[in-house]
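**Q** Top to bottom, those sequences are chains A and B.
Okay, so the first sequence: first residue is 1 according to my numbering, each after it adds one.
Okay, so the second sequence: first residue is 136 according to my numbering, each after it adds one.
The set of hints was computed from the structure by calculation and includes no laboratory data.
The reader is advised that the hints may include incorrect statements.
Part of the chain A face toward chain B, derived, beta carbon under 7 Å [said to hold, decoys possible]:
no., residue
1, E11
2, N13
3, A15
4, L22
5, G26
6, R85
7, K105
8, P106
9, N109
Label pairs and their computed distance ranges (CB to CB) [stated by the list, open to error]:
no., chain 1, residue 1, chain 2, residue 2, range
10, A, M55, B, E803, 15 to 21 Å
11, B, K797, A, E70, 24 to 30 Å
12, B, E793, A, M55, 44 to 50 Å
13, B, D832, A, A128, 29 to 35 Å
These numbers were taken from a predicted model, which means no experiment stands behind them.
Every residue, glycine too, gets a C-beta built ideally from N, C-alpha and C.
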Amino acid sequence: MTGRVVLIEDEANIAEAIRFLLSREGWRVDVHGDGATALEVIRAAAPDLVILDLMLPGKSGMEIIREIREVEAMVDLPVLMLTARGQHKDREMAERAGVTRFMTKPFANAEVLTAVRDLNAQAAQRRARGARDAG
Amino acid sequence: MTSLNLLALVSIGYVSLLFLVAFWADRQALRGRSARFMRSPLIYTLSLSIYCTAWTFYGAVGYAARSGLEYVTIYLGPTLVMIGWWWGLRKLVRVGRSQRISSIADLLSARYGKSNVLAIGVTLLAVIGVTPYISLQLQSITLSVAIFAEADPARSYNESGTVFWIATGLACFAILFGTRNLNANERHHGVVIAVALEAVVKLVALVAVGIFVVWGLAGGLPEVLARIDASPIGRWQVDGGRWVAITFLAAAAFVCLPRMFQVMVVENEDERHLRIAAWAFPTYLLLISIFVVPIAALGLELMPAGSNPDLFVLTLPLLQEQNGLAMLSFLGGFSSATSMVIVAAMSLSTMVSNHIVMPIWLRSTDAFGGASVSGDVRSVVLFARRFSIAAVMGLGYAYYQISGGGAALAAIGLISFSGIAQILPALVGGLFWRGATRAGALAGLFFGFSTWGYTLLLPEVAAGLFSPQTLTEGPFGLGWLRPQALFGVEGLDPIEHCVLWSMTLNVAAFCIVSVASFPSPMERLQGAQFVHVFDHSAGPGGWTGSVAQSEDLMIMSQRILGPEEAQAFFQAAVERQGGPGPLPEPTPGFLEQLERELSASIGAAAAHAMIGQIVSGAAVSVEDLLAVADESAQLLEYSSRLEAQSVELSRTARQLRETNQKLTQISEQKDAFLSQVSHELRTPMTSVRAFSEILRDNPSLADTDQHRYASIIHDEALRLTRLLNDLLDLSVLESGQVTLNVSRRSLSDVLDHAVASALAGADRALQVHRDHSREEVVLETDVDRLAQVFINLIANAQKYCTSDTPELHIEVTPSDQQITIDLRDNGAGVPEGFRDVIFEKFSRVTPERAGGAGLGLAICREIIRRLGGDICYLHGHSGAAFRVTLPIQSKIEEIR
């Protein structure tokens, strides 16, 4: 099952490529070039997945992930960070801030799709476990 | 035969003459008209002759009769000092003058931090050492009078009565002429002139007796020599050890004896007199000693056995019925004795009153609140000094009465000499060794004097106190403590033995304790002043300009110096300071001067204490401590060299630190740059890769999509190329390896080319406004590079200008040296916070990428700099505005 993904990416061409890939998998892709507006959108209605760039105008990817994790309902929200800054310390910082998966640009399309599927499956399992516990 | 009456008459007449001369000299000096000869080196030299006392006058002949040529050592010591050590004496005199020293005790006290303990110690030791010497003089007078009395059976002669009256008379003389002025630094002209007159009398008398003996009695020089050979004197062998020891003692005593210090330093008029005295005084000694051996030889031959050889000078003429000569000889001896007693009493009394009486009085009255301003110090000091003279004279008289006057003159003289010599280490050390400390001086004096007392004074003078067993077996049967064979050193003459041990222990204790102890700031200060007296004849320092009451100081000074003198001194100080008031400011300099002035009257320690009562606060300031350091020229030089080195070092360290910082910064910048470059390269590459994979994996894609994605790949590839080009360009520009092609072209042409290039293929129109008439300036520069800058700026305006109808104004302002080109658009301009960074690499203002990596302006700046100009953002305009400044003449050669 696929759902809604919020893609936060200021490079129009890259956003277009990811949108193309995910929409073919059945995702509804919501593209935002600006961090601040994207965050508002996410807060308004939690998506099933967030794909996040690190270097963004308005609000950096690191700030966005921290603010997402502050909202209780979105503690488990899968967040995939895609960045051209692939240094070790960037990865560490991102993971500490709460990013679920960290990938560097340029990426292979297949890898991104695999990652998205993995994250989606984990979220589905979590949801199922949550429903069973509740039942 | 000369009757006692005549003798008394002549004596009284002679003494009256002395009184008159002294009185006259004092009067002259007081009126300020003292004759030139009174201040001449001759008088100075003659006054030094108080070294030759009755012991020399009578005793030398006795000495020669008993010990042959050994008497020469007594003259050899001072001669060696005067000829070989005049520079040391000069230092002593300079110190004495600059520090207003009043006595030898004062000197040591001042040198070792104005220590009163030391002053008291030296004073007591001087009194102990000199008292027997004074009684020796009294004894010589009585002995000589007794000679005449023997020959005059008509009169009964009361020996002790004579001594008493002589002592009283001498005390009166000393009190009259020695305590006339309170200020010890004002010379006692009366006393000095009287002493000089007496010096002439004793020389004339001895030489007259000598001539009479040689040519009258013996019948010429050859006969005298033959008779000397025949006499026991001719058979005397020189004892090397004694010779050295006694020469040393005489030299030491010549410097250390209080009366010698008095005439040599305190009464010194002019330091240069020492230069004359350096040969004149040894000549005097030579003259006064030359006839000693002939007189002794003939005395031994002609006088009946058992006659006292000490009195040959007197008895030989009497034997020959030469009454006139005998009378002259008597006067010579009398002169020797009286001059010594007067000066010795004077110098001792200064010490006793300044260092014992005054401190006690100060302390006792201090309890009743401030001695400095309440009592009449002047009269107290005068009384103390007069009382001290009387006391010293009384002591001498008492000693004479107790000892019975039996011992040979020479023996007492030598004992006295070796006692006084104990001061020498502390004195010489103080003058030449900055490391000498008060504790060291005290230790040296203590060990030296106790050894002297134990090994020489007690066994010789007060033998009654010892049981004979103590001498032969040591106290309590301790053999190594035998007074005359200390630590088992036997076979030495008592004098030799005493000098050896006392000086060894003295010097050792002085040096060891000095090295081990730490001097107080005042000691260091004074030590520096003494040792470097020739470099700095400045004051002793010690007072800081704390709130001293000038009025109190004035009152106190009046009590010590006397009203007129104190007022004159204060007035002079006011004039020096140039102040308006009747009283001077209590500056440290003034306080120092005042202290020195007072110390001349009451000694360094007392003066220090009295000023200290008024001037509260620390006695030694940081400035003084710095002054100590300043004293030593070498130290200064050394320290400035060190300082220079340390400055050099710290500069090098700073440079290193800066270089290191710069390197770290450069390294960080390089890392940041690489990281930026990597990011900028990855971004277009991501698009290229993603879309090429899409195209590869989706062959069934619609044609329009295929075309669109291929276009994206193409655009991003172009972006990559552009980026790489920019990077290369920038790196070449920054490294300075760029080659510029200088040519001449009008600015107008350059701008035409730039506008055309920048706007070619632009998707929206940019209106460019120019004033061509002002652009007709011919530039000599790299035209292509300059065009590159303008293209960049115009393209920026075209891309980023926010206006709906974008316009660009290009304004050219030529001047003599340079030309400015302003490019202003009508957009929103660069936001405030970015204006400073727009010329940095990778700085971008707009969020939406316009295909630039943020290197354009950085490249522009580098180019303009290479061209010798400048580029900056113009504040105060609504739109984005840049100003390019260029030199009209090419400066490119210089830049490169």
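**Q** Each hint: holds or not?
**A** Comparing the hints with the structure gives:
1. E11: holds, 6 Å
2. N13: holds, 4 Å
3. A15: violated, 10 Å
4. L22: Since the shortest Cβ distance to chain B is 12 Å, the answer is violated.
5. G26: Given a least distance of 16 Å, the restraint on G26(A) is violated.
6. R85: holds, 6 Å
7. K105: Given a least distance of 4 Å, the restraint on K105(A) holds.
8. P106: holds, 4 Å
9. N109: Cβ of N109(A) sits 5 Å from chain B, so the hint holds.
10. M55(A) x E803(B): 15 to 21 Å: holds, 19 Å
11. K797(B) x E70(A): 24 to 30 Å: violated, 42 Å
12. E793(B) x M55(A): 44 to 50 Å: violated, 33 Å
13. D832(B) x A128(A): 29 to 35 Å: holds, 32 Å
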